Amino acid sequence: MPKPHGFTYEVRHDTVVITHQGRAAGTLRGGRADKFLAEVASGDSQLVMARWTGSYKFGNERTARDHPRNRR
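Per this note's numbering, the sequence shown starts with residue 425, numbered consecutively.
Keep in mind that the hints are not guaranteed to be accurate.
Derived pair list, reagent style SDA-like, types lysine to any residue, alpha-carbon separation capped at 25 Å [said to hold, decoys possible]:
#, residue 1, residue 2
1, LYS427, GLY454
2, LYS427, SER466
3, LYS459, GLY446
4, LYS427, HIS437
5, LYS427, PRO492
6, LYS459, HIS491
7, LYS459, VAL441
8, LYS459, GLY478
9, LYS427, HIS444
10, LYS427, GLY478
11, LYS427, PHE460
These are computed hints drawn from the structure, not numbers from a lab.
Keep in mind that this is a model prediction, so the values were computed, not measured.
Build the full structure now, drawing on both the sequences and the hints.
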């Protein structure tokens, strides 16, 4: 599974806006924004942003798509 990429974030006053490839992926305010900024500073920023936006793939989506139950 490839590492997440294409995420950026912008701090606006007490709000953090996370974008993925130019599109808004999430907005965090107040305490959640503070927790996010602390976590980004201490770890892999791309992975952190992917987790916080819910755009984090677990690797099983491709195999699930090919399962006979999911074919149409």
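Outcome of the hint check:
no.: 1; hint: LYS427 <-> GLY454; result: violated (28 Å)
no.: 2; hint: LYS427 <-> SER466; result: holds (17 Å)
no.: 3; hint: LYS459 <-> GLY446; result: holds (23 Å)
no.: 4; hint: LYS427 <-> HIS437; result: violated (30 Å)
no.: 5; hint: LYS427 <-> PRO492; result: violated (28 Å)
no.: 6; hint: LYS459 <-> HIS491; result: violated (38 Å)
no.: 7; hint: LYS459 <-> VAL441; result: holds (14 Å)
no.: 8; hint: LYS459 <-> GLY478; result: holds (16 Å)
no.: 9; hint: LYS427 <-> HIS444; result: holds (14 Å)
no.: 10; hint: LYS427 <-> GLY478; result: holds (15 Å)
no.: 11; hint: LYS427 <-> PHE460; result: holds (19 Å)
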